[in-house]
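Colleague: Respectively, the protein sequence lines represent chains A and B. According to the numbering used here, the first sequence is numbered sequentially starting from 371. According to the numbering used here, the second sequence is numbered sequentially starting from 371.
The hints are simulated quantities; they were obtained by calculation from the structure and are not laboratory data. Misleading hints may appear alongside valid ones.
Derived DMTMM-like pairs: lysine to aspartate or glutamate, alpha-carbon spacing no greater than 20 Å straight-line [said to hold, decoys possible]:
id : chain 1 : residue 1 : chain 2 : residue 2
1  : B       : 799       : A       : 752
2  : A       : 799       : B       : 543
3  : A       : 696       : A       : 601
4  : A       : 799       : B       : 752
5  : B       : 799       : A       : 738
6  : A       : 582       : B       : 547
7  : B       : 799       : A       : 547
8  : A       : 660       : A       : 683
9  : A       : 548       : B       : 543
10 : A       : 582       : B       : 543
11 : A       : 799       : B       : 738
12 : B       : 582       : A       : 547
13 : A       : 799       : B       : 547
14 : A       : 585       : A       : 706
15 : B       : 580       : A       : 543
Because the structure is a prediction, the values reported are computed rather than measured.
Number of protein chains: 2
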Amino acid sequence: MQQTYIRDLAAQAGQEVELRGWIYNFRSSGKLKFILLRDGTGIVQCVLSKKEVSDEIWQASEDLAQETSVVLRGKVNADDRAPGGFELWTSDLRVVGRAVDYPITPKEHGDAFLLDHRHLWIRSKRQHAILRVRHTLVQAIRDFFDGRGYTLIDAPIFTPAASEGTTTLFETDYFGEKAYLSQSGQLYMEPAAAAFGKVYCFGPTFRAEKSKTRKHLTEFWMVEPEVAFMELPELMELAEDFIVHLVTRALERNRADLEILERDLAKLEAVQKPFPRLHYNDAANTLKAKGVDFQYGNDFGAPDEEALVADYDRPIIVHRFPAAIKAFYMKPDPEDPSLSLSMDVLAPEGYGEIVGGSQREDDLEVLERKIREHNLPMSAFDWYVDVRRYGTFPHAGFGLGLERTVSWITGVRHVRETIPFPRLMHRLKP
Amino acid sequence: MQQTYIRDLAAQAGQEVELRGWIYNFRSSGKLKFILLRDGTGIVQCVLSKKEVSDEIWQASEDLAQETSVVLRGKVNADDRAPGGFELWTSDLRVVGRAVDYPITPKEHGDAFLLDHRHLWIRSKRQHAILRVRHTLVQAIRDFFDGRGYTLIDAPIFTPAASEGTTTLFETDYFGEKAYLSQSGQLYMEPAAAAFGKVYCFGPTFRAEKSKTRKHLTEFWMVEPEVAFMELPELMELAEDFIVHLVTRALERNRADLEILERDLAKLEAVQKPFPRLHYNDAANTLKAKGVDFQYGNDFGAPDEEALVADYDRPIIVHRFPAAIKAFYMKPDPEDPSLSLSMDVLAPEGYGEIVGGSQREDDLEVLERKIREHNLPMSAFDWYVDVRRYGTFPHAGFGLGLERTVSWITGVRHVRETIPFPRLMHRLKP
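Only chain A is shown next, with the shape it has when bound in the complex (with noise of 0.2 Å):
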């Protein structure tokens, strides 16, 4: 018999099927056995009566246990009271592999225990909401772009030099040179942008900070948009979009998973056109009408962050840092050499920034110049000057961070959720 998947017994009211899962509660009144049943796509009530079965399938049930896994035969009833509005009237039931004292019970745990047992850790309700909404906002940011007419291109991993510095590179032999593993796409992006107008990229990307907070992993998913003839003020009406895009689809697509996250649906709601922009200069001075303790030329730190969001219901776009704090390829604002054409997107609740981006330097002989300012090996970027060496062109771009974007919109306050199986400064396994 075919196996029928939870989530598509409402078209089977009435019929008799067959479930395939693990046990994920059970209680016991007597002579009728109530199961909860979970096969990955949902949760259904199986019941079970002590004289509609065989004692062999009543002896079977006695053996049961969280997680045992189950092939279970019966027929759907339509009932309101059930979770679901579905339970399964079970006729037969056979045992396929045994769960002795699975770990992760309903009481409380710990968090590196959990992180210990990640691989089972995924089972759970709140795990599987948090994963589920990840998808949809893969699809939806794939979907964003593809309906834009941008062209994928998946960047290397494997690169010869750093984007940003090297402190936070991990390293690895490559059949005698070194590589690095990428911490950006953007360089690759530029030329692409050449070759296709609009493109992107999105994979895994990684940064050896040590770092432990609860905002950081080594090993995250990045989405890199780069677009010919695009300069900052379009810039930002993207990343705009794309975030209202992003927002709304887990809206339309998870509603259930944000309800079992407790998320407040109305601060997503309030997600909308425009985000405010505020000026970097601006942005310093707000905080220090805030009495917030900011240096005029650094970048924010999290305090900072949560002090600009603060007065606003939706994300905002902080623009023009100083060129001194952000990286060598970014242009030099015209009215203000020492500010960049650089613009992040600091997501509201303090969730801090999701999105960084820039228009780039488009003068070969300027970017030359801060190649060499940077102390960077000119070799390492030949390739890329290329891009202003042949046709150069205004074109911007930005960074948008999965991981970060998904425990904003999920309200879960620590990235490691937001990934099937993180990976953290002192955690490799499982």
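Dock chain B against chain A, hints included.
Modeller: Structure of chain B alone, referenced to chain A:
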């Protein structure tokens, strides 16, 4: 004035538009210039007449070279004689960036030269066509699994252990520990299948193979579905459906690209269900009958694969390879335990193995014995065997290599052209 993209010109017939892009080619006939402009979405002919424009604009047009970036304005004229059916009657031309001695000219270049200039090579028509097919296939891969209710579970890149031997692993220092770059997400997909039923991962994987064949990259993308309660026969059907879906999508969406690549479309149209299934023993006999020098018990080399697929017009599935040449986690064939419940899909026309998969060992004791027999460290797999400890279940999955699939579908013989920035044994740049 807003930018119009060349692919959208049809909707602008008779209108004034602004195009932005690069000079693909041009010719002059006295007082007329015919400029082929490319903008990443297409190529259009732009006609410039000396008597219709100012001296300044005409002067600027004398300065054009291949890959000069320009902004053109003019009226869109429908003309059946023009390539693409439209041309631009140019009224304004502005040079944005010059291009002196662009290195890739219409003459022939050697492979090494083109690979050294990959960042520019991707501007060419042929590379465009290949990478657009790649994009379509990436979408098709995700759509296939998303549409069938699979949950995307991204596998980690950093792993503490190798799933298939350690000789071909890239290693990195991970805060004092050793970490390896993933060769496959499969070990992570199995616990994920216990959580979500049907899952897939799709991301870059790494092999430090000292191989210089046209089928090998050190970094390539792989999609890996894993399905709870699935056994080998259904796995073969899944692979078959999946591959037909991919080829159909490319034919639907990329016919023009495939024509640029001079792909024989009849060969792709022949890719229909059912794919022939060959038991390994029968495949070995076939090779013997064909006089191929093949030793029973070995894996197939390229000449063996070519001999096997020669009789068929579509992919073939070879199943039940000897257990000794397959990974420790594959389940033995109950009818002959020296064989495994494994399968490979071989592409037609000698493009080689594009899919490898198996039903997994689901018995805890057997799996632990296999790990010991393969001299693998049990401590690295304690979490993995938990899938069998807590509610074990039959399950199966496969991996499909993206670049080999693109290579086959586009008819491009070397995988290095099927990924934007290929990584080969001696190639890490650009």
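Colleague: Check whether the Cα positions of residue 799 of chain A and residue 738 of chain B lie no farther apart than 20 Å.
Modeller: Holds, at about 19 Å.
Colleague: Keeping to a limit of 20 Å between CA atoms, is the pair of residue 799 of chain A and residue 543 of chain B held or broken?
Modeller: Within the cut-off at roughly 15 Å; holds.
Colleague: Take a quick look at whether residue 799 of chain B and residue 547 of chain A sit within 20 Å of each other, Cα to Cα.
Modeller: OK: residue 799 of chain B and residue 547 of chain A at ~12 Å, within 20 Å.
Colleague: Holds or violated: residue 799 of chain A with residue 752 of chain B, Cα cutoff 20 Å?
Modeller: holds, 10 Å
Colleague: Taken at face value, is the distance from the CA of residue 543 of chain B to the CA of residue 582 of chain A at most 20 Å?
Modeller: holds, 18 Å
Colleague: Check whether the Cα positions of residue 696 of chain A and residue 601 of chain A lie no farther apart than 20 Å.
Modeller: holds, 17 Å
Colleague: Given the hint that residue 580 of chain B pairs with residue 543 of chain A, test it: the Cα-Cα distance must not exceed 20 Å.
Modeller: holds, 13 Å
Colleague: Would you check the hint for residue 582 of chain B and residue 547 of chain A, treating anything up to 20 Å between C-alpha atoms as holding?
Modeller: holds, 17 Å
Colleague: Take a quick look at whether residue 799 of chain A and residue 547 of chain B sit within 20 Å of each other, Cα to Cα.
Modeller: holds, 12 Å
Colleague: Check the hint pairing residue 582 of chain A with residue 547 of chain B against an upper bound of 20 Å on the C-alpha distance.
Modeller: holds, 17 Å
Colleague: For residue 660 of chain A and residue 683 of chain A, compute the direct alpha-carbon distance and say whether it is at most 20 Å.
Modeller: With Cα atoms ~18 Å apart, residue 660 of chain A and residue 683 of chain A stay inside 20 Å; holds.
Colleague: Going straight from one Cα to the other, do residue 548 of chain A and residue 543 of chain B come out at no more than 20 Å?
Modeller: Distance ~13 Å between residue 548 of chain A and residue 543 of chain B Cα, so the pair holds.
Going down the numbered hints, you'll see the structure goes against just number 14.
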